[in-house]
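Since chain Z is already given, all that's left is putting chains H, L and A with the ligands on it; use the hints.
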Amino acid sequence: MTAPEPSPAPPPGSSPGLSAEGVSKRFGTVQALKDVTLTFPPGQVTALMGENGAGKSTLLRILTGDHRPTEGRVLLDGQALDLNSPQDARRAGIRIIPQEPEIIPHVSVAENVYTGSLPRTGLRRLDRAELRRRITADLKHLGFDKVLDPDLLGSELTAAQRQLVEILRAMTGQVPPRAIAFDEPTSSLSEHEVEALFALIGRLRAEGIAVIYVSHRMKEIFQLADGIAVLRDGQVAGVVRAAATDESALVRLMVGRDLSSLFVRQQVATDRVVLDVKNLTTDDVSDISLRVNAGEVVALAGLIGAGRSELALALAGDAPIRSGTVELGGKALRLRDPRAAITAGIGLAPEERKAQALFLQRTIRDNTSLVSLGRLRRWRFVSHRQEKALAQEFADRLRVRAPSIEAEVRTLSGGNQQKVVLARWLARKPDLLILDEPTRGVDIGAKAEIYQIIADLAREGTAILVISSELPEVLGLADRIVVMQNGRTTGELTRDQATEEAILALAMADDLATGTTAHAPTGDTR
Amino acid sequence: MTTTTSPSAQLPKDQPRPGRPGGPRGLLAAIGGQNLSLVGALIAVVALFGTLNPNFVSWDNIQVIAEAVTISGLLAVVQTVVIICGGLDISVGSQAGLASVTSAMVFTSTGADPYLGIGAALAIGAAIGLFNGIVIIYGRVNPTIATLAGLAAYKGVAQLVSDGRAQGYVLGDPVFVFLSRGKIAGLPTMVWLLILTAAAVHALLTYTDIGRNIYAIGGNDTAARLAGINLNKYLISAYALSGTVAALAGVLLTARTGSGQPVSGSEGLELQSITAAALGGCVLKGGKGSIGGTLLAVALLGALQNGLTVQGINAFWQNVAQGALLVAAVIIQQRRNRERAVGLPA
Amino acid sequence: MTTTTSPSAQLPKDQPRPGRPGGPRGLLAAIGGQNLSLVGALIAVVALFGTLNPNFVSWDNIQVIAEAVTISGLLAVVQTVVIICGGLDISVGSQAGLASVTSAMVFTSTGADPYLGIGAALAIGAAIGLFNGIVIIYGRVNPTIATLAGLAAYKGVAQLVSDGRAQGYVLGDPVFVFLSRGKIAGLPTMVWLLILTAAAVHALLTYTDIGRNIYAIGGNDTAARLAGINLNKYLISAYALSGTVAALAGVLLTARTGSGQPVSGSEGLELQSITAAALGGCVLKGGKGSIGGTLLAVALLGALQNGLTVQGINAFWQNVAQGALLVAAVIIQQRRNRERAVGLPA
Amino acid sequence: STGQTSSGADASVAPVSGKISITYLQKQGDQQYFVDEAAEAKAKAAELGADLKVVNLGNDANKTVSEVQSAIAQKSNGLIIVVPDPAVGPQVVQTARDAKAALLTSDDQVCASGPSPAQCAASDLVPRIGFSGQQMGQQVGQRAAEEFKKAGWNPADTRIISGWKQDVTVCGDRVKAAKDAFDQAVPGVQNIDVATDNTPTGAQDKVAATITANPGVKHWVAWGCNDENVQGAVTALQNAGVSPNDIDGVGLGAYLACKDWASGKPSGMKAALFINGKDVGALAVQTMYDKLKNGKDFPKEAFAPTKMVDATTWQSAGVSCS
Ligand SMILES: Nc1ncnc2c1ncn2[C@@H]1O[C@H](COP(=O)(O)OP(=O)(O)OP(=O)(O)O)[C@@H](O)[C@H]1O
Ligand SMILES: Nc1ncnc2c1ncn2[C@@H]1O[C@H](COP(=O)(O)OP(=O)(O)OP(=O)(O)O)[C@@H](O)[C@H]1O
Ligand SMILES: [Mg+2]
Ligand SMILES: [Mg+2]
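Just so you know, the protein sequences line up as chains Z, H, L and A, in that order.
Quick note: the first sequence uses our numbering, first residue 1, plus one each step.
Quick note: the second sequence uses our numbering, first residue 1, plus one each step.
Quick note: the third sequence uses our numbering, first residue 1, plus one each step.
Quick note: the fourth sequence uses our numbering, first residue 1, plus one each step.
Quick caveat, the hints were computed from the structure, so don't treat them as lab data.
Every residue, glycine too, gets a C-beta built ideally from N, C-alpha and C.
Careful: at least some of the hints might be erroneous.
Calculated lysine-lysine pairs in the BS3-like style (CA-CA distance at most 25 Å, straight line) [to be verified]:
{"id": "1", "chain 1": "H", "residue 1": "K285", "chain 2": "L", "residue 2": "K288"}
{"id": "2", "chain 1": "A", "residue 1": "K75", "chain 2": "L", "residue 2": "K183"}
{"id": "3", "chain 1": "H", "residue 1": "K285", "chain 2": "Z", "residue 2": "K354"}
{"id": "4", "chain 1": "A", "residue 1": "K150", "chain 2": "A", "residue 2": "K265"}
{"id": "5", "chain 1": "Z", "residue 1": "K388", "chain 2": "L", "residue 2": "K288"}
{"id": "6", "chain 1": "L", "residue 1": "K183", "chain 2": "A", "residue 2": "K100"}
{"id": "7", "chain 1": "H", "residue 1": "K285", "chain 2": "L", "residue 2": "K285"}
{"id": "8", "chain 1": "H", "residue 1": "K233", "chain 2": "L", "residue 2": "K285"}
{"id": "9", "chain 1": "L", "residue 1": "K233", "chain 2": "H", "residue 2": "K285"}
{"id": "10", "chain 1": "L", "residue 1": "K288", "chain 2": "Z", "residue 2": "K354"}
{"id": "11", "chain 1": "L", "residue 1": "K285", "chain 2": "Z", "residue 2": "K354"}
{"id": "12", "chain 1": "H", "residue 1": "K183", "chain 2": "A", "residue 2": "K218"}
{"id": "13", "chain 1": "A", "residue 1": "K265", "chain 2": "H", "residue 2": "K183"}
Selected chain L positions facing chain A (Cβ under 10 Å, derived; list incomplete) [as the list claims (entries may be wrong)]:
{"id": "14", "residue": "F56"}
{"id": "15", "residue": "Q63"}
{"id": "16", "residue": "G164"}
{"id": "17", "residue": "G168"}
{"id": "18", "residue": "Y169"}
{"id": "19", "residue": "G172"}
{"id": "20", "residue": "S180"}
{"id": "21", "residue": "S259"}
{"id": "22", "residue": "T309"}
{"id": "23", "residue": "Q318"}
Label-pair distances were calculated between CB atoms; the ranges are [said to hold, decoys possible]:
{"id": "24", "chain 1": "L", "residue 1": "G111", "chain 2": "A", "residue 2": "A122", "range": "26 to 34 Å"}
{"id": "25", "chain 1": "L", "residue 1": "K183", "chain 2": "Z", "residue 2": "R378", "range": "30 to 38 Å"}
{"id": "26", "chain 1": "A", "residue 1": "N191", "chain 2": "H", "residue 2": "G186", "range": "31 to 39 Å"}
{"id": "27", "chain 1": "H", "residue 1": "I313", "chain 2": "A", "residue 2": "A121", "range": "32 to 40 Å"}
{"id": "28", "chain 1": "L", "residue 1": "K285", "chain 2": "Z", "residue 2": "R378", "range": "30 to 38 Å"}
{"id": "29", "chain 1": "Z", "residue 1": "E247", "chain 2": "L", "residue 2": "I210", "range": "46 to 54 Å"}
Just chain Z, with the same shape it has in the complex (with noise of 0.2 Å):
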């Protein structure tokens, strides 16, 4: 319902853009919005920031009708709106790339592109050939045309590829955008979309579109935005023009205090090899050469679809090993199944949590403990005791935001269910801990507390295998860096070595070797 007239103080009324003006919502006993009265001007980037669960995805939902505010309403040209769903906000012309796509798997990219709106011609034919003419053009149109085959199913995509559908069902439409928010857009991107991506925004923002843009890196803020506001606990803690600020002004903003550094610099690497692959193949990944020592952090850079998250996946047990070895701790493994890799000490915090990482239906507390359930029990009992404390602890180190960890994960906010499936893995202490995307979508608070925890870890004798498609997490975290394409190694950085440039050099040696595209598009080799 909307707020009773007369309406709060500062009138919004007559500014063009899309506002919200007083809004607050609960869930249960949770609130998420408190008040928020916030402008949207037209041809700009306005970034919206804040710590994970502050409120930002709930505000977008709001925005685009998803959810119905408890108290408040939303304004286009000061004009208020009655948004009863989605697609009223559609209507509107205000549109929203949410931040876990939603994917329809057993339909085409096109179909689930235009999903709502499919063309048709009389006696509802869906029309078949407007459908393709459509996806090429539109493809073609976005410069994703390389990345996305438009007959591939929505079961068969990757990550990056479901957010690359959402941006395309937010672009497309009849009524043409007039706002537009991205609920961190880039979080499962590299940087080859990204740049298209970001090229993409600069054009909205010149054809007079509002846009909203949240993020939590903030190389990508200061570059995009024009306009900074930011989120604390539900509440606007503050409105300020980007050129009129710096990052550790906007941390402040966030958290309430200083940060005094994000990545913490140390040697610990010892010469003890923990992990050594040798001319490792599986279906995706081929001759692939690998050694981590203990304490040391060896990062694997490389361009979306590399075969990173595969290569994580075979240490992991998950996918077949054709040929090749893998070693750890000097001893050979038979990787059958990912069991038998977590009992021979490697653990992989997954890069979809959602998919693959977590149980939503379950709490906090359960979803934390799930792999180190066996040194909780006796006699297979689980003890609820040291189960709760453990929970806590890591709750507490990765400053998980929740009433508590007895609540379901399905209550998370993106970032903190993040939070979670690192916690699982923290917890458990691996010989060799893969972390595919560990920070993605993570507040850059916790995004220092993982950084220490990882240094802590290294320092302990864990080896660490982090894939990040995020450059400066990459240099920032790594001993060295190991770069992948098409599903082999193509190069080696030490810390001292590795720039950005030197990286995607290295990530796109084949292409600048051969002048192609740097990669074809998926599904039409079957």
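Showing chains H, L and A with the ligands alone in chain Z's frame:
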């Protein structure tokens, strides 16, 4: 074969692709991998029983099979739609029974007007389907429970209005006789009804945006909702369709048996229709399935049942054989997928 | 004679509200929201029928109810486990039937050794369960189809070995008489078996890591696999457990009816057990459910059935009333959630 | 609380002084025959001023035990039962005896000391009101033989279709008796057992397949466990182009056969054994009442009348056709 699969989804790789080029591959693609194995199983069954008794493949017997599967086939077709939506309708059999007594009783009490009888049955069916949908959507009752409840309740209503007796006698009326024994172009009227219904639903699912929306709803209801599809309208319509076609099945039941049957002949149809849909490739989670697959499964089950009876195999062996063949058909079909044997198959 | 009360008049109107902060919150939390509504419905049913006929709440009648639900209760308990894993076992009834004839036939043919009879039945049950699991996992057959096939096949086997007749007579044997009519501490032996089984499974699910893993598998099988859980071992074990407990139910069937029953008494148990599990809060997609909820649902359904019979309500009205009450119970329970009425409810 | 059963008749039941409460437990209580039986039982009880409750047992032997226990917990003075399966009989007898409730069976026989009434000492058979399955089958078989002879068919090109649900014991008894009686009168006609689900459509589909398997047959005899089987068989035969003159169908129940006859068209349904549940229901309640009120002993067995009817006689015999 192929490059990779995202770890979250180990899918069968041979999905029929919408809008792929034609040629002989086009036909194969249209039939689809799942269906291909069903065709294989069907051929095997026909070859087996045809060798044992050549009469099995006579045109007469093929018609017998087609007629025998009509009622469960109709229900399987609508069950397919409901399952693709992500739902389930366990009350179809009871709805058919209620429609059957309704048609006979209205027929009798209106002085033998077949159209009123049939119309009333279809109206009741649509109303019940609508009611099912409303209970599920607005009562927020899980579809399985809601229609389980309907299974009991509608059967009770049918028994109450009929006092548990077979009602009326309709085979004095030419319309019902036509439904029951008539032929068009050499094929029984009943079988035509099944063919037409199946063709209509197939066209709906494949060639219209309505059908595509149905797949979207079952595949990911959040995505469908965010795309502006009116989930409630679709889901309630799916149940209403299911009720209407179940009522049609009930009318055929009346025509076949000559009187309105409250329970006899309609009990167990729910399981048969779900079996056929599942065997035909419907995934019970929703979002996947096809009328072609379902019809093939219906034909396979019908041929099997008929063949076993033709061979004079007793009821007990028939049960064993049916179970065993059902499992065998699926195992053979899955062998081709070479899916990793970890966890529950979809 | 028959009081044909309209079903809607019997709806439990007074659902207790969920636990607001303060007071004995611990207890409320332990019971859980879903279960709370079931408790409310149960109280309403008991109060209603108890007022109509004080005999309903007599200790004798309570025992009658408890005994009557034992067999379906046992199956509901294991069905809960299978459903939490994300599977379904539609063959439990047929397994119970096969176990029932096995127990009676082995008993008879071994010169009236009850332990051999019971042991053989349990062994057969475990073997069938294992077989179900293997077919599902390694044959990659969808659990619904595999156990539907089992429903037919195992029933056929039971009929074949027994020639479709009730087998033997066991009530000359003290062990079977004890199972059938004996009491321990004033409670029938059968009811003790249900209580013990339910308690053991509850402990397994709630207090052990095995239980955690079971919930994990049903909640997200990819994540469970990557967390190092041996899915296959768990799933096959769940089906084996299901088979064993179904066999126990079959033995009790033999003890109760005095002879091995191939079909009678076990037909329809699959639907009853799934109904109870679903009403008790199991989500058919897996990952959610509890033994407490299932038992409450079993008790509710049992009390309802008994109460309707005690009131002399005829079979037709009973069907209607059962369906209506099932839906009503869920609607009332859902009202509390205030979930938005869009799309299919979970 | 155990003890082996010894005698079927029960002398320990004391006459009741107050209002008499009787529970009538029926298998397949939703079938027309049993619905009729229950209706008439209720009417009779109302007339006698007794309290009667009717319970449907379905086909469930286990539910039978539960419902007997429940009736006893409700303090019923007398139980009349149609068991879904005679094997559950001893358990029922024992439960009733423990509670000192009078027990009478209707329709199907029950043995107090073992699962099979056929192998039961006469003294252990529980008193029964009803029809004899064996006798019913016999009548059907005899009538079918009469029709066969009348038509002057040749055994060589005739087949008999026996349709029944093969796991229902009483069905098997009926069909077997019919076969024996027919064979005695007309030896040498080949019989085909058709496994049905006792529904008209189920029977129709199965019989249609059977016709496929036997293409050369000219004349058909059909009987089964109930009218549904025979009607389904007759319909399938007629749909396969067999003339009604070449079909010798003898129903059991007459409630569906009467519909064919009422239509006035020639039908392969030549006759049907009319068994009236009403008679059984009323007689059973009366017998129970006499026992409970006046201490009058149960008769060992009392039969309600059955009557073979056909297209010309069914109306006068009182077959009601809804
Ligand atoms: N459906 C829900 N039920 C209960 N609580 C919820 C629900 N959705 C969100 N919340 C809570 O609302 C708060 C705000 O969540 P929101 O998703 O808006 O955070 P966010 O700022 O987007 O965080 P992130 O950066 O991690 O994505 C969190 O405390 C979250 O737990
Ligand atoms: N579902 C799929 N269908 C077809 N090909 C796929 C699928 N998922 C991945 N691939 C292919 O597998 C290869 C490796 O992909 P993978 O996701 O492992 O890359 P990555 O280096 O981890 O990239 P990212 O930065 O996106 O994590 C690529 O060629 C990709 O196109
Ligand atoms: Mg968010
Ligand atoms: Mg990856």
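Hint check:
1. H/K285 to L/K288: holds (16 Å)
2. A/K75 to L/K183: holds (21 Å)
3. H/K285 to Z/K354: holds (18 Å)
4. A/K150 to A/K265: Holds, at about 20 Å.
5. Z/K388 to L/K288: It holds: about 21 Å lies between the C-alpha atoms, which stays within 25 Å.
6. L/K183 to A/K100: Holds, at about 20 Å.
7. H/K285 to L/K285: holds (7 Å)
8. H/K233 to L/K285: Holds, because 23 Å separates the two Cα atoms, which is no more than 25 Å.
9. L/K233 to H/K285: holds (23 Å)
10. L/K288 to Z/K354: holds (17 Å)
11. L/K285 to Z/K354: holds (16 Å)
12. H/K183 to A/K218: Holds: H/K183 and A/K218 sit about 24 Å apart, inside 25 Å.
13. A/K265 to H/K183: Satisfied, since the Cα-Cα distance of roughly 21 Å is no more than 25 Å.
14. F56: It holds, given that the least Cβ distance between L/F56 and chain A is near 8 Å, below 10 Å.
15. Q63: Cβ of L/Q63 sits 8 Å from chain A, so the hint holds.
16. G164: Holds - the Cβ of L/G164 comes within 10 Å of chain A, reaching about 4 Å at its closest.
17. G168: holds (7 Å)
18. Y169: Hint holds; L/Y169 Cβ to chain A Cβ min 5 Å, cut 10 Å.
19. G172: With a minimum Cβ separation of about 7 Å from chain A (threshold 10 Å), the hint on L/G172 holds.
20. S180: This hint holds: L/S180 lies near chain A, its Cβ roughly 7 Å from the closest one there, short of 10 Å.
21. S259: At 4 Å from the nearest chain A Cβ, L/S259 passes the 10 Å test, so the hint holds.
22. T309: holds (6 Å)
23. Q318: holds (7 Å)
24. L/G111 to A/A122: 26 to 34 Å: holds (28 Å)
25. L/K183 to Z/R378: 30 to 38 Å: holds (36 Å)
26. A/N191 to H/G186: 31 to 39 Å: holds (34 Å)
27. H/I313 to A/A121: 32 to 40 Å: holds (38 Å)
28. L/K285 to Z/R378: 30 to 38 Å: Cβ of L/K285 to Cβ of Z/R378: about 32 Å, so the range 30 to 38 Å holds.
29. Z/E247 to L/I210: 46 to 54 Å: 49 Å Cβ-Cβ, so the 46 to 54 Å window holds.
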